[in-house]
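J.: Sequence:
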Amino acid sequence: MTTSSTPAPRAPKRHSAGAFDIRNVIGALLGIYGVLLLIASFFLNPGYNIDSQEPKDASYNLWAGIVLIIVAVIFFAWSKMRPIVVDEEELAAASSEGKKN
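Heads up, the sequence shown is in this note's numbering, so the first residue is 29 and it goes up one at a time.
Fair warning: there could be bad hints in the mix.
[Said to hold, decoys possible] DEER-style ranges, computed between Cβ atoms: (1) Glu-116 to Phe-70: 42 to 50 Å; (2) Gln-81 to Tyr-61: 23 to 31 Å; (3) Ser-123 to Ala-86: 48 to 56 Å; (4) Glu-82 to Arg-110: 41 to 49 Å; (5) Val-114 to Glu-82: 52 to 60 Å; (6) Leu-64 to Ala-105: 19 to 27 Å; (7) Arg-110 to Leu-72: 31 to 39 Å.
[Said to hold, decoys possible] No farther apart than 20 Å at their CA atoms in a straight line, the calculated lysine to any residue pairs in the SDA-like style are these: (8) Lys-84 to Leu-65; (9) Lys-108 to Gly-59; (10) Lys-84 to Ala-68; (11) Lys-84 to Phe-71; (12) Lys-108 to Val-53; (13) Lys-108 to Ile-97; (14) Lys-84 to Ile-67; (15) Lys-108 to Phe-48; (16) Lys-108 to Leu-57; (17) Lys-108 to Leu-96; (18) Lys-84 to Pro-74; (19) Lys-108 to Ala-56; (20) Lys-108 to Asp-49; (21) Lys-84 to Asn-73; (22) Lys-84 to Ile-94; (23) Lys-84 to Phe-70; (24) Lys-108 to Leu-58; (25) Lys-108 to Asn-52; (26) Lys-84 to Leu-66; (27) Lys-108 to Ile-50; (28) Lys-84 to Leu-64; (29) Lys-108 to Arg-51; (30) Lys-108 to Ile-54; (31) Lys-108 to Ile-98; (32) Lys-84 to Leu-72; (33) Lys-84 to Ser-69.
Keep in mind that the hints were calculated from the coordinates and are not lab data.
Built from N, CA and C at the ideal position, the CB exists for glycine as well.
Whole structure, please, built from the sequences with the hints as guidance.
T.: Pasting the structure below:
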């Protein structure tokens, strides 16, 4: 039985962007606004139209809130299915080149 004295190749240090991925930030903001509109459609009175004095329809807030929540879920799913991978070695090399110039 022989043992190899060469070390196993190390995998490069790579990780995903995680919370700093812009898709997560956009998804969170859209989700928050969607939930607020959804709550507003149930609890707030939309008021009356100034010109015709007819009551406004609260379902617009409901539908806009639902659509915003769906789009937020799509953004979160997109960032989970195709994460942005950050290679730390390339990042360190690029920052050292920037310091040399």
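J.: Decide, hint by hint, whether the structure agrees.
T.: Okay, the hints, checked on the actual structure:
1. Glu-116 to Phe-70: 42 to 50 Å: Given a distance of about 47 Å, which is inside 42 to 50 Å, the answer is holds.
2. Gln-81 to Tyr-61: 23 to 31 Å: Check passed, 29 Å falls within 23 to 31 Å.
3. Ser-123 to Ala-86: 48 to 56 Å: holds (53 Å)
4. Glu-82 to Arg-110: 41 to 49 Å: At roughly 47 Å between Cβ atoms, Arg-110 and Glu-82 fall inside 41 to 49 Å, so the hint holds.
5. Val-114 to Glu-82: 52 to 60 Å: With a Cβ separation near 54 Å, Val-114 and Glu-82 satisfy 52 to 60 Å, so the hint holds.
6. Leu-64 to Ala-105: 19 to 27 Å: 22 Å Cβ-Cβ, so the 19 to 27 Å window holds.
7. Arg-110 to Leu-72: 31 to 39 Å: Check passed, 38 Å falls within 31 to 39 Å.
8. Lys-84 to Leu-65: holds (15 Å)
9. Lys-108 to Gly-59: Answer holds: Lys-108 to Gly-59 is near 16 Å, not above 20 Å.
10. Lys-84 to Ala-68: holds (13 Å)
11. Lys-84 to Phe-71: At roughly 14 Å apart (the allowed maximum being 20 Å), Phe-71 and Lys-84 satisfy the hint.
12. Lys-108 to Val-53: holds (13 Å)
13. Lys-108 to Ile-97: holds (17 Å)
14. Lys-84 to Ile-67: holds (16 Å)
15. Lys-108 to Phe-48: Holds - the C-alpha atoms of Phe-48 and Lys-108 are around 13 Å apart, at most 20 Å.
16. Lys-108 to Leu-57: The hint holds at about 17 Å.
17. Lys-108 to Leu-96: Measuring from Cα to Cα gives roughly 19 Å; hence the hint holds.
18. Lys-84 to Pro-74: holds (6 Å)
19. Lys-108 to Ala-56: holds (14 Å)
20. Lys-108 to Asp-49: holds (10 Å)
21. Lys-84 to Asn-73: Cα-Cα ~9 Å, so holds.
22. Lys-84 to Ile-94: Answer holds: Lys-84 to Ile-94 is near 19 Å, not above 20 Å.
23. Lys-84 to Phe-70: holds (13 Å)
24. Lys-108 to Leu-58: Holds - the C-alpha atoms of Leu-58 and Lys-108 are around 17 Å apart, at most 20 Å.
25. Lys-108 to Asn-52: Holds. Lys-108 to Asn-52 sits at ~9 Å (cutoff 20 Å).
26. Lys-84 to Leu-66: This hinted pair holds, its Cα atoms lying about 16 Å apart.
27. Lys-108 to Ile-50: At roughly 12 Å apart (the allowed maximum being 20 Å), Ile-50 and Lys-108 satisfy the hint.
28. Lys-84 to Leu-64: holds (18 Å)
29. Lys-108 to Arg-51: The given pair, whose Cα atoms are some 10 Å apart, holds under the 20 Å limit.
30. Lys-108 to Ile-54: This hinted pair holds, its Cα atoms lying about 14 Å apart.
31. Lys-108 to Ile-98: holds (15 Å)
32. Lys-84 to Leu-72: holds (11 Å)
33. Lys-84 to Ser-69: Within the cut-off at roughly 11 Å; holds.
Hint check: no violations occur; every hint is consistent with the structure.
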